[in-house]
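Given the structure of chain H, go ahead and fit chain X onto it with the hints provided.
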Amino acid sequence: MRRLLLFVGCIAGLNLAIVVGSPGCGSTVIEIKPGDGGGGEGGSTTTDGGADPGDGGVDTKDALPDYVDPGCPDGPPPPDPQLECDAFNQNNGDCLPGDGCYIFVQYPDDPCEQEIYGTYCAPAGPQQQGDPCGGGPDCGAGLVCVITGFGTQCVQLCPLSGNSGCPDGLTCEAIDVEGFGGCF
Amino acid sequence: MDNSSPPRRARHRILGTSSVLVVACAALLASVVPACGARTGLNSGPPAPPEPECYTDEDCAGSGDLCLPVICELDIPPVREGADAGGHCIEQDPIDCDDNDPCTKDECDPLTGLCNYELATYDLDGDGFRGPLIGKKAGTEGSCGDDCDDTNAAAYPGGTEVCDGVDNDCNDIVDDNATFVPEGSDPVRISTTDFSYSDPAGLAFSGDTYVAEYTSGQGKRIFTTGLTPGGDKIPPGDKKLTDVDADSFGGPLVWTGDRYGAVWQDRRFENYEIFFTLLNDKGEKVIPDVRISSAFGFSIYPSIGWNGTEFVIAWQDERDNPGLYNVYAQRVSLDGNPVGDNVALTSDIQGFGNEAPWIAVGETSIGIAWGVGDTNFRFIQFQTFTPDLKPLMPEPISLTDGSTNARGQTIVWNQTNYVVAWHDESANPKAIYAAVVTEDGTVSVPAKAISSPGTARSRYPNLRGYGNRVLAVYQDNRDGNQGYELYARMVDESLLPLTGEERITFWPKDSTGPIAAFGPDGEVGVLFQDYDQQSLQQQTFFTRLGCVAGTTP
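In the order they appear, the protein sequences are chains H and X.
Okay, so the first sequence: first residue is -8 according to our numbering, each after it adds one.
Okay, so the second sequence: first residue is 6 according to our numbering, each after it adds one.
Rather than coming from a laboratory, the hints here were simulated on the basis of the structure.
Please note that a few of the clues may not be correct.
For each label pair, taking beta carbons as the anchor points, the in silico distance ranges come out as [as the list claims (entries may be wrong)]:
| no. | chain 1 | residue 1 | chain 2 | residue 2 | range |
| --- | --- | --- | --- | --- | --- |
| 1 | H | 159 | X | 237 | 33 to 41 Å |
| 2 | H | 59 | X | 338 | 17 to 25 Å |
| 3 | X | 393 | H | 77 | 47 to 55 Å |
All residues carry an ideal CB built from backbone N, CA and C; glycine is no exception.
Next up, chain H with everything else stripped away, as it sits in the complex (with noise of 0.2 Å):
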């Protein structure tokens, strides 16, 4: 089952960027180079004895080795998200009449650092739920632009615990913003 839904429409609009970076924070990647096959290192191919086939032979595979992900350090919590608006209550007054409640996220430059969530206003688009979007502003309020393997689409956003709101035989399932769910 695939249910891993990636927001759509960051407010830098950097989930189309072209990647430029380093792993950083001492965490170990290895990269493939086109033509060069490649990396790696760790885990053994030396075979041991080389039985033929059916001869009730073993062959056996050097024992894995250990390894320690170096990980990220220890840095400050999370920061807090910063919210505009109410995305789960579109018609409170945050935004302006004919405006929408949307969130966005802004990704890190590094690997160790992490998102910054929040809503903005901005106005709604025409999609609706299970319409196709290009992007946040692509679809009505109360909605989001998601990518589901099944077309990139709007879904109403949805709270993960409680009650979910969600129309009849749609679930609400996390999506990459935290704290936000959307009805698939």
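Below, chain X alone, put in the same frame as chain H:
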């Protein structure tokens, strides 16, 4: 040998001569006599002969690779007199290591020039039987191995079939004629208590224990944990698969016989990219993260298979056209080294992208199912590829007609055919559908509903293949238990029901996203998301289906 031939190899002898030459020049340069090629102010006497190309083999470009030998042949007659003699570099025939045995990997060691003849197949499960070469059926001529399942030591030619989820006797049927029922015990919560939300990502079984992979905190962290057959965590329990703070979402796991391959996506490099690593049988990471994709746009929704020699990873990739996706794939060696580069398996179809590929490894092919279309009308596509990712079928085939909202595709190899399943959001009924396709792309059983939700919905199937039947596990909301519950049904090779639809979960609210894996004693482990009755959160759980032995047909 032709006596007029020049000396073939003179490495040591010429090296000595060269040393003498250097000393001699140095001595002469100290005198007034111009020598050693130095120019005089007078244009008198014959011109100095050209510098030799080499004095020793080591002077020749590429001389370090003894598999592609190059030697310094002395000039005869010498261009220069005496100690100043040199020669020309001559490339020799490459060392030919081909022993005409398809069962060996014939490689020349560049450092020694000697041939290695390592066996080309593995016995990864240690049962004394080797798996076949890629693209060969075990036990057939030229396969170089007769183990039909080299990921499990309980499967080998001549084994005795028991109820264990394994084709013990290699007759292409798993647990001949057994059926599966819920074990009855409560599901076990797997996800850590540190996060308020969790999704299942992958489940696989080593023959002794399971490893479960799940994502917590809406992409905050991916964890793996070893599980006993009953679902208890094996110390040290939950381990971070990635240790970056960027959003990370887990993907499927595959067991090779002595290690797991794990694949996921994260956005440590701003865009989502695909990563891979190896885990030991306890689910502990043993190599650094291997970056699989590195291109413009998102690379997401990875799937992984193991073909007995290599991992194959497929995913949807945005690199060719912003907002539109194609399916890309990458081969990865047993050690986690990428083999070749990313390979595009699809191209855009009239403005529609190719999304959410799933891989299954067949007898001689790799089968991939994916979706194409807009948000309401979608095709389920299928195509087979060679182990080196070349199309076996000239074009993909569509398993649906595009008039409905078919999605949630999955695929399994069922010993002789591929079975592709999906759910349909707009067909009548809104059921689980499946089709059977041969390796050459022939649809042997067209799409048909394999669940019966009535006016309700079945969604997100996961399949296990038994050779002569298929187990489908899926979610369905027919019971009105405040959402979806998990169900399981066995169907035969023609996709006709062999059992009723067994309800697996019973707690109120949604039970969703099942991932099934063969476990011990014929059990099937199921990882899924459920509404935790204590924390009142959506978390990842594990449950089991028990095997009821049948009789061999």
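Outcome of the hint check:
no. : hint                       : result
1   : H:159 to X:237: 33 to 41 Å : 38 Å, holds
2   : H:59 to X:338: 17 to 25 Å  : 23 Å, holds
3   : X:393 to H:77: 47 to 55 Å  : 54 Å, holds
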